[in-house]
Structure formats: structure tokens, C-alpha cells
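Chemist: Sequence:
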Amino acid sequence: MKKTVIRHINQRIAEGYEKRNNGDTKACCDHFLNAWKMLKETAPKDVQDFSQLVEAYNKDEADYDWGGWIWEIGEALGTAGQDDSECLAHRIEFIEAFKTRFPATSDEELLEFLQRSLIKTHYLMGNDEMGEQAVRDFYQQYDYSVWGYIEWADALLKRKPSPTEETYQQVLAVYRKGVSLEDDEEFMDILQRRIEKVESILAG
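Note that the sequence shown ends on residue 221 in the numbering used here; no numbers are left out.
Careful, some of the hints might be misleading.
[Claimed, not checked] Quick list of the computed label-pair ranges, beta carbon to beta carbon:
1) D145 / E58: 29 to 39 Å
2) E126 / Q186: 12 to 22 Å
3) P120 / N51: 15 to 25 Å
4) E113 / E72: 23 to 33 Å
Hints are computed from structural coordinates only; laboratory data are not their basis. Just so you know, even glycine gets a beta-carbon here, dropped at the ideal spot from N, CA and C.
Please put together the full structure from these sequences, using the hints given.
Modeler: Take a look at the structure:
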């Protein structure tokens with residue numbers, strides 16, 4: 018990648034962070050996605066591990082950390098999507114594009130984050146069939162993780178301003194799917210607190 022291209026990418030990223038700091042999450046997403054498009058199109062075609070790309074072209078201390086920034090794109094689109102469903106659609110497009118462009122990425126934490134974000138986003142948008150497929154894909158790779166079920170159930174809760182009792186029952190059933198898993202104790206505690214909260218609501 019040419020230094021001029023890298024500079025342009027980092028400039029777009031900087032503009033995105035500036036917009037976010039000023040409270041304009043939608044504009045932040047636009048700049049981030051422009052930077053992502055530029056990076057995706059100019060990265061060497063033979064580099065299919067994003068971590069390898071970062072190692073080769075993202076070493077300058079003045080540069081933004083692309084590895085961390087990819088997480089930021091997903092988070093920013095999720096935040097903007099609370100007010101603009103178009104941003105949720107862009108989040109799905111971004112995640113799928115990342116997986117397609119960098120299929121050999123070795124950063125497992127990043128890949129897990131993106132896949133569980135895909136689960137949540139599909140369910141938030143009412144794409145239940147696609148959400149179910151995203152859950153299956155997630156647990157084929159991360160069979161220990163409670164986060165697939167947490168993201169699924171959290172999204173069901175947030176789809177409507179006032180969930181019905183039927184929704185709470187559905188959410189509780191999804192949360193409980195994770196109880197038998199052997200994830201980190203901290204994450205198991207997070208799951209348990211969610212279960213207890215919903216049980217309390219249902220108990221009246």
C-alpha cells in the first residue's frame with residue numbers, strides 16, 4: 018500500500034473520530050465506512066489475514082490502530098442504528114464484507130465480536146431467519162461462548178419499546194441456552210444477572 022493511500026485512510030478515520038466526539042454518530046459512520054472502503058480496495062489482494070495487513074502497513078506511531086478501529090466501526094454503526102435502521106443494514110454489509118475480504122484473519126477476538134454483532138443486528142432488524150443462521154455459524158466456531166445467546170436475547174428485548182410477556186419468556190429461554198456452557202466466569206455472571214432480571218420481571 019502506498020504511503021499516500023495510508024495517509025488518506027487515516028485522515029478519514031481521524032475525521033470519523035472528530036465527528037463522534039462532536040456527537041454526530043451518523044457522520045462518524047460515514048467517514049469510517051469511507052476509510053474502510055479505501056482500505057478494502059487498496060490492500061494487497063494476496064493479504065487475507067487482516068492482522069497481517071496491520072502488521073505490514075500500520076506500524077507508524079502516528080497512525081490509528083486499524084485493529085482497534087475495526088471494532089470501532091462495528092460499535093459506531095450499532096450506536097447509530099438505534100436511531101437509523103439504515104446504519105444497521107450498513108453494519109451487516111460491513112461485517113460480511115470484512116469476512117469475505119479477510120477470510121484468514123487470525124484475530125479470534127475480533128472475529129468473535131463481528132460474528133456476534135451479526136447475530137444482534139439481524140435480530141434487531143427482524144431478520145430472524147438470517148439471525149438463526151448467524152447463531153449457527155457462531156456456535157460452530159465458538160461453542161464455549163455465552164455471547165451468541167446474550168446478543169440474540171438482548172436484541173429481542175430491544176426490538177420493541179415495551180416487550181410483551183411472551184417476548185420476555187422467549188428471551189429467558191434464549192438466555193438459558195447459555196447456562197450449561199463453560200465460558201469465563203465473568204461472562205457467566207453477566208448471563209446470570211440477565212436471567213435474574215428477566216425472571217424478576219416475569220414474577221411481577
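Chemist: Work down the list of hints and note, for each, if the structure agrees.
Modeler: Outcome of the hint check:
no.: 1; hint: D145 / E58: 29 to 39 Å; result: holds (33 Å)
no.: 2; hint: E126 / Q186: 12 to 22 Å; result: violated (32 Å)
no.: 3; hint: P120 / N51: 15 to 25 Å; result: holds (23 Å)
no.: 4; hint: E113 / E72: 23 to 33 Å; result: holds (24 Å)
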